[in-house]
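A.B. asks: If you want the building blocks of each chain, they are given just below.
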Amino acid sequence: MFIKDLSCISPQKTFEDDFFGTEPIIYTGSQLKAVEPSYADIPRSQLRRMGKSNRMATGAGMPLLQKHKTDGIIIGTTDGGMEDCHRFLNQIIQYEEGTLTPTNFVQGSPSSPAGGLALMSANSGYNNTHSNKGLSFENCLMDADLLFIEGRAKSLLVGCVEEISQAQYRIETLAGFIKKDEITSDKLIGCGTPGAINGEGATMFVLESENDNALAELVDADMISYPTADDLVAKAKLLLERNGLAVSDIDALMLGYSGDSNSDHWYDVFAEQLFPETGILSFKNLFGETPSASAFATWFAANLVNGKSVPSQAVHKPISGELKTILIYNHYQGNQHGFVVVRAV
Amino acid sequence: MEVAELKVKLKTQIIEYLNLLDFTPEDIDDEDQLFGPKFDLDSIDALELSVLLEREYGIKMTDPAEGRKVLVTVNTMVDYILANKAEA
Chain A
10 MFIKDLSCIS PQKTFEDDFF GTEPIIYTGS QLKAVEPSYA DIPRSQLRRM GKSNRMATGA
70 GMPLLQKHKT DGIIIGTTDG GMEDCHRFLN QIIQYEEGTL TPTNFVQGSP SSPAGGLALM
130 SANSGYNNTH SNKGLSFENC LMDADLLFIE GRAKSLLVGC VEEISQAQYR IETLAGFIKK
190 DEITSDKLIG CGTPGAINGE GATMFVLESE NDNALAELVD ADMISYPTAD DLVAKAKLLL
250 ERNGLAVSDI DALMLGYSGD SNSDHWYDVF AEQLFPETGI LSFKNLFGET PSASAFATWF
310 AANLVNGKSV PSQAVHKPIS GELKTILIYN HYQGNQHGFV VVRAV
Chain B
3 MEVAELKVKL KTQIIEYLNL LDFTPEDIDD EDQLFGPKFD LDSIDALELS VLLEREYGIK
63 MTDPAEGRKV LVTVNTMVDY ILANKAEA
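Taken in order, these protein sequences are the chains called A and B.
If you read the first sequence in my numbering, its first letter stands for residue 10, the second for the next number, and so on.
If you read the second sequence in my numbering, its first letter stands for residue 3, the second for the next number, and so on.
To be clear, the hints were calculated from the coordinates, so they are not data collected in a lab.
Computed from a prediction, not measured in an experiment: that's the story for all the values here.
It is possible that part of the hints are untrue.
Claimed, not checked - Quick list of the computed label-pair ranges, beta carbon to beta carbon: (1) A:Glu32 to B:Glu7: 18 to 28 Å; (2) B:Gly60 to A:Gly160: 58 to 68 Å; (3) A:Ile101 to B:Met3: 21 to 31 Å; (4) A:Ala176 to B:Ala48: 22 to 32 Å; (5) A:Ser47 to B:Val5: 30 to 40 Å; (6) A:His274 to B:Asp42: 49 to 59 Å; (7) A:Ile101 to B:Asp24: 29 to 39 Å; (8) A:Glu32 to B:Asp24: 44 to 54 Å.
Each residue gets a CB set at the ideal place from its N, CA and C atoms; glycine is no exception.
Model the full assembly from the supplied sequences, consistent with the hints where possible.
C.D. replies: Dropping the structure here:
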């Protein structure tokens, strides 16, 4: 698969501004809110009804759909519009299952971004939403790859969207997945305390089956759930082998270090066992943790292999030589582990 | 509650329920057509307005034809609220 075009709304200035030419935003605390654009292209009558996840997905996806003819839309989101979903559920209780309005219900559905994008772009092709928690993005890529292999599509809009919902944030904080201590994002990795910092945003790609002036190649993606360290390394070896790659072909690892002392050891073990000499990049100190954080990583990696300079804040272990092939390894809460290989074209 | 006070309250609630991003209560005239070009409302907004009447004023509209007469301007909505609250 090849990345023809891409777009990203994130806690960094990745949409309208030149993220790679400016200093990244450093956040304090455990919520990294998206830097949203003005959404000038979305009719105000539609924008006012959109929840945040729909707004971000539409804002990132519509410009790509207007520029490229696509055969379908595949979106990954773990929670969808959770803020609207909670509002709707609370209204059921507050108004004793009386008259309810459809807006919060529609906006709260995980499939709403993919459906909304299809309606707005009059795209009547394949439309699917993957809500597979920490592997939502990897499942989107597998779906796209299968469509390309079967010849059912040549070009697809594929992306992920996640929003910070305050109720979910409280639940995850109580569960120990979000940091309770105030920390600045530039000091996140290696801080030694439990929990990650929450991010949000939308990342969209136009993927094509053939290389037609592509920005980068998505060589392969794979995933594994509840592995042992040996399972994980074996899975990564298999991924490299089936793509004819040696360890030395990987110019950099992009690892999902989240600053969570309970689960960052996975990255240490992975790098030490399989890639002891390879440079390491991080991304969650810039974008925060989301269940589909690997979509941000893929956007980041595609830009880097396409010649953008590496922000110093992303260098975890120095890289030597050109960046042509990046292996992204990310896990969510230590349970679901995904790999994506991005290569220069 | 004075009628003028009720109108301002209703305008604020309309903005809140319909999330009219670009409007303040002062921007809404009492005789503005709610379903005219100024606000660009649709059938879901009509449903939101009828829910507003039920939740905020305890008035349930059961006849759809009634909605077409009531959800016209701020004035028609206020008249309807006053008439039905008085009955109650």
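A.B. asks: Indicate, hint by hint, whether the structure satisfies it.
C.D. replies: Comparing the hints with the structure gives:
no., hint, in the structure
1, A:Glu32 to B:Glu7: 18 to 28 Å, "51 Å, violated"
2, B:Gly60 to A:Gly160: 58 to 68 Å, "60 Å, holds"
3, A:Ile101 to B:Met3: 21 to 31 Å, "30 Å, holds"
4, A:Ala176 to B:Ala48: 22 to 32 Å, "29 Å, holds"
5, A:Ser47 to B:Val5: 30 to 40 Å, "38 Å, holds"
6, A:His274 to B:Asp42: 49 to 59 Å, "54 Å, holds"
7, A:Ile101 to B:Asp24: 29 to 39 Å, "31 Å, holds"
8, A:Glu32 to B:Asp24: 44 to 54 Å, "33 Å, violated"
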